[in-house]
Amino acid sequence: MNKTEQDYTQALGLDVGTSRIVVARNSERRYEYQAELNAFLTLPYSKLAESLLQKENVFHEVQGPEILVAGNDAQKFAEVFHVETRRPMQNGVLNPREPHSLAVVQRIIAKLIGKAAVEGQKIFFSIPAPTDDEEGSIAYHEASIRQILLELGYEATPIEEGLAIVFGELGGSNYTGIGISCGSGLCNVCLSVLSVPVISFSVPKAGDFIDSQAALATGDLATRLRVVKEQTFHLNGLGNDRVKNALTVYYQEMIMNLVEALRNRISAAQRLPRLDQAIPLVLSGGTVAPKGFLDQFGKALRARDFPVRLSELRVSADPLNSTARGALMAALC
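Every letter in the sequence shown is one number past the one before it in my numbering, and letter 287, counting from 1, is 307.
With a straight-line Cα cutoff of 27 Å, these simulated DSSO-like cross-link-like pairs (lysine-lysine) come out:
no., residue 1, residue 2
1, Lys135, Lys75
2, Lys96, Lys67
3, Lys225, Lys311
4, Lys75, Lys96
5, Lys131, Lys75
6, Lys96, Lys131
Simulated restraints on C-beta separations:
no., residue 1, residue 2, range
7, Asn260, Gly173, 50 to 58 Å
8, Glu171, Tyr65, 21 to 29 Å
9, Ala337, Val269, 22 to 30 Å
10, Tyr65, Gly173, 28 to 36 Å
11, Met276, Glu332, 16 to 24 Å
12, Cys353, Asn260, 47 to 55 Å
13, Ala137, Glu70, 30 to 38 Å
14, Glu175, Glu273, 35 to 43 Å
It should be emphasised that the hints constitute simulated quantities derived from the structure, not laboratory data.
None of the values given here were measured: they were computed from a predicted structure.
Yeah, the Cβ is synthetic: ideal placement off N, Cα and C, and Gly gets one too.
Just need the whole structure built from these sequences, with the hints factored in.
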């Protein structure tokens with residue numbers, strides 16, 4: 021087997037996120053990533069529309085009277101027609117109110133990873149940690165993603181998203197610390213000691229909460245607010261721009277909710293291992309990307325006593341790919 025084939029058959033890491041699906045590969049001692057927007061829209065079917073999409077190489081599938089345009093191409097079409105894309109996932113799991121959810125996720129995953137290079141090729145895929153009321157839907161979601169991967173020939177193993185952040189970011193502290201992934205659907209949290217998850221949970225106020233609430237406050241499309249948030253937004257207090265003010269208000273609510281949940285869960289833990297040394301806390305995910313997020317999160321942490329000593333508080337150097345990288349590193353262990 022030559023070097024190229026050996027790389028091709030190595031384990032993969034897959035971040036199945038509400039907003040994006042990302043695959044991580046290890047190629048010649050460096051990580052490579054591919055991502056697709058986890059979204060779609062539908063167009064009425066016609067032979068002309070189908071032929072034009074094929075000609076333009078647009079990622080699509082015909083389903084009865086409709087054409088599904090999925091992944092990154094869906095966003096391009098949404099911007100042209102000034103409509104919202106539809107999400108096959110909501111709050112970190114398959115959307116039970118979206119009839120196309122499983123088919124869309126299956127198509128996007130297949131596009132990103134293809135069939136296994138060898139039968140039983142290893143892949144670790146991210147799943148959310150439980151919220152207070154989401155355990156049943158997580159079980160269905162996990163089984164569905166596992167089945168998609170099994171049908172493609174992979175040996176699939178789930179890893180909770182917060183633990184994936186620990187694997188991807190906290191090797192320098194022997195995988196001891198707090199990993200937090202703030203995505204679109206959920207904020208996932210894991211306190212790990214020597215790679216063993218001690219506390220793991222998620223909270224539902226995350227990126228989509230910010231977008232939807234700010235959209236209600238301003239009358240704008242959530243899609244437009246998401247673009248503003250990702251491209252130009254700076255979390256540095258209120259000003260004269262009503263869109264940025266709305267984003268600021270709901271960002272602050274999301275941060276306070278996350279910090280309080282973290283403080284309460286750690287304080288309530290009955291069998292927390294003794295931590296003789298301070299531990300790092302790392303933040304990841306697209307929702308932490310705006311400038312000023314780390315400062316606001318740090319202020320919320322320092323507002324009251326925190327139940328464990330922290331040696332470091334930082335944002336991942338690559339927050340959009342950290343979950344996929346952590347899943348890959350777990351698969352390679």
